[in-house]
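Enquirer: The primary structure of each chain is shown beneath.
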Amino acid sequence: MNCSRLGKWLPLYAGADLSARRSRRLEKHLETCADCRLALDELRAALAGVRDVAGREALDWPEADWKRVLARVLSAKPEPRRAVRAATFPRKAWAYGLAVILVLGAAVLVMKIALSPPAAPLLTEVLMPTPARPSRALMTYETPSPRQLQDVPYGVQPERMTLDRTLLAAGTTPEKTTQNMMSMTLVSQETGLQVHWTFNRNFEWEEKKE
Amino acid sequence: MDEKEARLVELVLEGRTEAFEPLVTPYRGLLLTLAYRLSRNIEDAKEISQETLMRAFRYLGSFDTKRSFRNWLLQIEMNVWRSLGQRAPDEGVLRELAAGNPTEDPQERLAGKETREKLLVCLDGLSPREREVFLLRDIEGRSVRETAEVLRTSTLSVRVHLSRARNKIRLLVKDRFPELMGAQR
Chain V
1 MNCSRLGKWL PLYAGADLSA RRSRRLEKHL ETCADCRLAL DELRAALAGV
51 RDVAGREALD WPEADWKRVL ARVLSAKPEP RRAVRAATFP RKAWAYGLAV
101 ILVLGAAVLV MKIALSPPAA PLLTEVLMPT PARPSRALMT YETPSPRQLQ
151 DVPYGVQPER MTLDRTLLAA GTTPEKTTQN MMSMTLVSQE TGLQVHWTFN
201 RNFEWEEKKE
Chain R
1 MDEKEARLVE LVLEGRTEAF EPLVTPYRGL LLTLAYRLSR NIEDAKEISQ
51 ETLMRAFRYL GSFDTKRSFR NWLLQIEMNV WRSLGQRAPD EGVLRELAAG
101 NPTEDPQERL AGKETREKLL VCLDGLSPRE REVFLLRDIE GRSVRETAEV
151 LRTSTLSVRV HLSRARNKIR LLVKDRFPEL MGAQR
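Heads up: the sequence lines are chains V and R, in that order. The first sequence: position 105 = 105 (the numbering used here), numbered continuously. The second sequence: position 99 = 99 (the numbering used here), numbered continuously.
Excised from the complex, chain V in its bound form:
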């Protein structure tokens, strides 16, 4: 426990103005901290002493002065009665109103986003792995399962059939193969422009635009 942190709560605790949760934490600390217990005793004693002094000193008006003051007060003209509702109108009503407007605005925005159709992608990424003869020195490429293919993110279109046919033609097994070339085609749906990138095993690449 930290005296410098919990000790700040002592003045409020001494006057029973600390929250129940903090009071419990402070009480636990007080069981083991003699310094804080001493400070609490001093606080309580000082407050009780000042209250006692204040309780013994109470002023009052001399009767003549009091009558004179009342006469002066009653000679004034009171303001007309006002509606209580106007008097009790929350002082921060403008802040509450602004908060309501902000919450409503945020709700409308969220609804609008949730109900609008998804935007069409600008580019479609097409992965076209080019199979090659197996090589133990290269990383293996595992053909994705139909389940995995269903989970491919929107816009990525693996050309599985082409890959499978090529692989079969090359006489390799589709489950486990290797590759040393990879190509990627980016197609703009707006302009139809196609950009082909081809990478070899050393990440040397070529670019071709159509």
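These are computed hints drawn from the structure, not numbers from a lab. Hints may contain errors.
As the list claims (entries may be wrong) - Once the Cα atoms are required to be at most 30 Å apart in a straight line, the calculated DSSO-like pairs of lysine-lysine come out as:
hint: 1; chain 1: R; residue 1: Lys4; chain 2: V; residue 2: Lys67
hint: 2; chain 1: V; residue 1: Lys28; chain 2: V; residue 2: Lys8
hint: 3; chain 1: V; residue 1: Lys92; chain 2: R; residue 2: Lys66
Claimed, not checked - Some, not all, of what chain R presents toward chain V, calculated at C-beta under 7 Å:
hint: 4; residue: Val9
hint: 5; residue: Leu13
hint: 6; residue: Gln50
hint: 7; residue: Met54
hint: 8; residue: Thr115
hint: 9; residue: Val144
hint: 10; residue: Arg166
hint: 11; residue: Asn167
hint: 12; residue: Arg176
Just so you know, even glycine gets a beta-carbon here, dropped at the ideal spot from N, CA and C.
Assemble the complex: chain V is given as a structure, and chain R must be docked to it using the hints.
Expert: Relative to the frame of chain V, chain R by itself:
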């Protein structure tokens, strides 16, 4: 607000202004004492109390009878005290006040001199806001919430100033008037 006070307020608002005296008489000592402890000057205290009563009478029509009349008066007094600029007396005035105030007879002045000096010294060590909070919460016994309502501030602000005020009072009493602490132990 109790029924008796609500009835008196209604009477005053109906034009029977003589009902104002029984309405405010229970608080006349409280208003004067609080004003004195805030201003530490009996003349200022009288001025503050009188202005408080004037405003209470003038604006009684806007008083919400669901609220505490006592707290409403205290709120007006705090506003008056602030509008007067929270004048702080110099040392000479403090000593003069500690010796006695003109509302008491000579015997009471003598008996209360030491007591008054202790309280004034303690209150003088606080900032104006700390003094307001300390007087309302610890001397007048208002709750933190009521104190915040009277001072038109948040309960958080009241707790912060109350905490500082109590710490200062503890150190002042310990250094200057340790006999007060001894009497309570």
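Enquirer: If a hint holds in the structure, say so; if it does not, say that too.
Expert: Status of the hints after comparison with the structure:
For the suggested pair lysine 4/R and lysine 67/V, the alpha carbons sit about 22 Å apart, so the restraint of at most 30 Å is met. For the proposed pair lysine 28/V and lysine 8/V, the alpha carbon gap of about 15 Å is at most 30 Å, so the pair holds. A threshold of 30 Å between alpha carbons decides the hint, and for lysine 92/V with lysine 66/R the separation of about 20 Å falls inside it, so the pair holds. With a least beta-carbon distance of about 10 Å to chain V, the hint placing valine 9/R at the interface is violated under the 7 Å criterion.
Satisfaction of the interface hint for leucine 13/R is found here, the shortest Cβ-Cβ separation to chain V being roughly 6 Å, below the 7 Å cut-off. The interface hint given for glutamine 50/R holds, since its Cβ lies 5 Å from the closest Cβ of chain V, which is under the 7 Å cut-off. Taken as an interface hint, methionine 54/R checks out: its beta carbon lies about 5 Å from the nearest beta carbon of chain V, inside 7 Å. Below 7 Å, beta-carbon pairs count as interface contacts, and threonine 115/R has one with chain V at about 5 Å; its hint therefore holds.
For valine 144/R, the shortest C-beta to C-beta distance to chain V is roughly 6 Å, which falls under 7 Å, so the interface hint holds. The interface hint given for arginine 166/R holds, since its Cβ lies 4 Å from the closest Cβ of chain V, which is under the 7 Å cut-off. Of the supplied interface hints, the one on asparagine 167/R holds, with its beta-carbon coming within about 5 Å of a beta-carbon of chain V, less than 7 Å. A distance limit of 7 Å between C-beta atoms decides the matter here; for arginine 176/R the minimum to chain V is near 11 Å, and the interface restraint is violated.
Checked against the numbered hints listed earlier, the structure breaks hints 4 and 12; every other hint is satisfied.
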